[in-house]
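Peer 1: So you can see what is in the structure, the chains are spelled out below.
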Amino acid sequence: MATQQQVKTIEEFRAMPEEFQGAVRKIVISHAVNELYGAQVFDEPAIALAPDPYAKWLTCRVAMEEYGHHVRFKDLGTELGIELHDMSPATKKPLSIFEFPLKSWAEFCVIKLLADLAEILQVEDLIQCSFHPLRKLARMTMPEERFHAKFGKDFCAELCQTEQGQRDVQDAIDQYFPMLPAFFGRPKSRNNEIFRKWGIKQRKNEEMRADYLTQAHKVVEELGMRLPDLAPA
Amino acid sequence: MEVDSHTEQLAQQYLRSVHRGNTRIEPVPGWDGARRAARDLGWDRELLAAQITERHNLRRQADELHKPGGCATLLEDSFKAISVAANIALETAQHANPGDISIAKAAVGAFSEAAFDTALSMLTETVAHHPAKLKFALFQVGRWPLTITKKQFFLF
Chain A
1 MATQQQVKTI EEFRAMPEEF QGAVRKIVIS HAVNELYGAQ VFDEPAIALA
51 PDPYAKWLTC RVAMEEYGHH VRFKDLGTEL GIELHDMSPA TKKPLSIFEF
101 PLKSWAEFCV IKLLADLAEI LQVEDLIQCS FHPLRKLARM TMPEERFHAK
151 FGKDFCAELC QTEQGQRDVQ DAIDQYFPML PAFFGRPKSR NNEIFRKWGI
201 KQRKNEEMRA DYLTQAHKVV EELGMRLPDL APA
Chain B
234 MEVDSHTEQL AQQYLRSVHR GNTRIEPVPG WDGARRAARD LGWDRELLAA
284 QITERHNLRR QADELHKPGG CATLLEDSFK AISVAANIAL ETAQHANPGD
334 ISIAKAAVGA FSEAAFDTAL SMLTETVAHH PAKLKFALFQ VGRWPLTITK
384 KQFFLF
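First to last, the protein sequences are chains A and B. Numbering follows our numbering, in which position 2 of the first sequence is assigned residue number 2; successive positions increment by one, without gaps. Going from the second sequence to our numbering is simple: count from 1 and add 233.
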C-alpha cells in the first residue's frame, strides 16, 4: 500500500490539488458551523435548565469549550482562505441533529451522552488526518469531547436514580436518538470517498455509523435504558 | 474559618447589589465543601433567573450601543481572553485537586460565567456596583462565590 502523502503546513496545503483543498475546507467549515450552532441551541440554553449551581457551572464550562472548538476551527478556516460568512450557520445549514427542540435538563443530558459520543467518533477519525493542522486540532479537541460525553453519562446516571428520572431519560432517548445516525452521512458517499482517498479521514460513513450504534447501545444499557428501534437505513 | 475584611466587604457589596443583603457569608473549607455547597438544592433560583434575564438585557443593550455591527466581535475578543485565563485556572485547580476534574471545571465554569457577564456589563458601560462586576471582584481576590440560599452565601 502506498504511503499516504502528509500535508504538514498551510503552505504545503496551498500547493495541493483543488480536490484535496476543497475536501479539507468542507470539514473545517462543517466543524466551525456546527460547534457554534450546537453551543447556541443546546449548551447555552441548558444553563437555565440546570438543577443546581454545580451542574450550571459545568454546563457553562461545556458551552465555553464547545464555543472554543468553533473558534479553533474558524481560525484554521481563515488561514485556509475560507471567508468568515461561509463558516456561519446563517450561510451553511447546520446538521439536522440540532433541530431537536430542547426543553428539559434530561434532554440536554441525553444529547451530551449520545451526540457527543457521535462527535468523538468523528474527531477520532481526524486524529490520523493527512493534513497535520487539522490532525493537531482534532487531538486538542478530543479530551474536551470525551469530558462532554462523560458529563452526559454522569448526569443521566444521576437522573436515573429515581423512577421519574428514568422515565425522563428514556423519553429523551426515544425522541432524540433516531436523529443521530444521519450524523454519519450516507453510505458510499462521494465526499467520504474523497476524504479517504487523500487520507483526510480513514473510515467509511457506514463503518462509523455501525460503530456508533454499538457504542450507543452499550452506554445506554449501562444506565439501564434501551435504544429505540430505528427505521431501516 | 474567617474571611479577611476586604473580602467580606466585597461579598457584602455583592449581596446588597442582588438584594440579598441579609444573607450570612459562610466560608467553605476545601474542595469537598465547595462541591457540597454547589450541589445545595436550596439554592436561590429566583436569583439565577434574574441573572440570566440581566445577561440577555445586557447583550441587547451592548448590540444597540455598538451598532451597526453589534458587539459580537468585541465579545469574541473577550471570550478569547477569558479562555486563556480559564485554561490557566483549570490547570491550577486540577493541580490543587488532581482527583476530581469535574469540580475544577465547575469552578472555571463559574469564573468564565462571571467574566463573561462582566465583559457584557463593560460593553454597556454599567455602573461600578453592577452585580456582575461585584461578583467578579470576588474571583479577582482569589475566591469562588458559590451558592446563595435563603440564609447563606457560600464562599470558597
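By construction, these hints were calculated from the structure, which means they are not laboratory data. Wrong hints could be hidden among the right ones.
Said to hold, decoys possible - Computed list of lysine to aspartate or glutamate pairs in DMTMM-like fashion (alpha-carbon distance at most 20 Å, straight line):
hint : chain 1 : residue 1 : chain 2 : residue 2
1    : B       : 313       : A       : 144
2    : A       : 188       : A       : 174
3    : B       : 313       : A       : 75
4    : A       : 26        : A       : 75
5    : B       : 313       : A       : 79
6    : A       : 103       : A       : 144
7    : B       : 384       : B       : 296
8    : B       : 313       : A       : 44
9    : A       : 150       : A       : 19
10   : A       : 218       : A       : 206
11   : A       : 204       : A       : 158
12   : B       : 384       : A       : 52
13   : A       : 103       : A       : 171
14   : A       : 150       : B       : 333
15   : A       : 204       : A       : 222
16   : A       : 153       : A       : 19
17   : A       : 153       : B       : 333
18   : B       : 383       : A       : 52
19   : A       : 8         : A       : 19
20   : A       : 136       : A       : 12
21   : A       : 218       : A       : 229
22   : A       : 26        : A       : 11
What you are looking at is a predicted structure, and each value in this text was computed from that prediction instead of being measured.
Peer 1: Compare the structure with each hint and give your call.
Peer 2: Going down the list of hints, with the structure as the test:
Restraint check for residue 313 of chain B and residue 144 of chain A: the C-alpha separation of about 17 Å stays at or below 20 Å, so the hint holds. For the suggested pair residue 188 of chain A and residue 174 of chain A, the alpha carbons sit about 28 Å apart, so the restraint of at most 20 Å is broken. Between residue 313 of chain B and residue 75 of chain A the alpha-carbon distance is near 12 Å, which keeps this suggested pair within the 20 Å criterion. Proposed proximity of residue 26 of chain A and residue 75 of chain A is supported: the alpha carbons are some 14 Å apart, at most 20 Å.
A distance of roughly 18 Å separates the Cα atoms of residue 313 of chain B and residue 79 of chain A; the hinted pair therefore holds under the 20 Å criterion. Taking the CA atoms of residue 103 of chain A and residue 144 of chain A, the gap is about 24 Å. The hint is violated against a cut of 20 Å. A hinted pair counts as satisfied when its Cα atoms are at most 20 Å apart, and residue 384 of chain B with residue 296 of chain B does not qualify at roughly 37 Å. Under the criterion of a C-alpha separation no larger than 20 Å, the hint pairing residue 313 of chain B with residue 44 of chain A is consistent with the structure, at around 17 Å.
The hinted pair formed by residue 150 of chain A and residue 19 of chain A fails the criterion: a straight-line CA distance of about 37 Å is larger than 20 Å. Restraint check for residue 218 of chain A and residue 206 of chain A: satisfied, since their Cα atoms lie roughly 19 Å apart, inside the 20 Å limit. Under the criterion of a C-alpha separation no larger than 20 Å, the hint pairing residue 204 of chain A with residue 158 of chain A is inconsistent with the structure, at around 35 Å. Annotation: proposed proximity of residue 384 of chain B to residue 52 of chain A holds, straight-line Cα distance about 17 Å (limit 20 Å).
This hinted pair checks out: residue 103 of chain A and residue 171 of chain A have alpha carbons roughly 12 Å apart, not beyond 20 Å. A threshold of 20 Å between alpha carbons decides the hint, and for residue 150 of chain A with residue 333 of chain B the separation of about 13 Å falls inside it, so the pair holds. For the given pair, residue 204 of chain A sits about 27 Å from residue 222 of chain A by alpha-carbon distance, which is inconsistent with the 20 Å threshold. Pair hint residue 153 of chain A plus residue 19 of chain A does not hold up; C-alpha atoms about 39 Å apart against a cutoff of 20 Å.
Taken as a hint, the residue 153 of chain A and residue 333 of chain B pair is honoured in the structure, with Cα atoms around 16 Å apart against an allowance of 20 Å. For a cut-off of 20 Å, the pair hint linking residue 383 of chain B to residue 52 of chain A stands: about 14 Å separates their Cα positions. A threshold of 20 Å between alpha carbons decides the hint, and for residue 8 of chain A with residue 19 of chain A the separation of about 17 Å falls inside it, so the pair holds. Distance hint between residue 136 of chain A and residue 12 of chain A is fulfilled; the C-alpha atoms sit about 16 Å from each other, no more than 20 Å.
Between the alpha carbons of residue 218 of chain A and residue 229 of chain A the distance comes to roughly 15 Å, so the proposed pair stays at or under 20 Å and holds. With a C-alpha separation of about 18 Å, the suggested pairing of residue 26 of chain A with residue 11 of chain A holds against the 20 Å cut-off.
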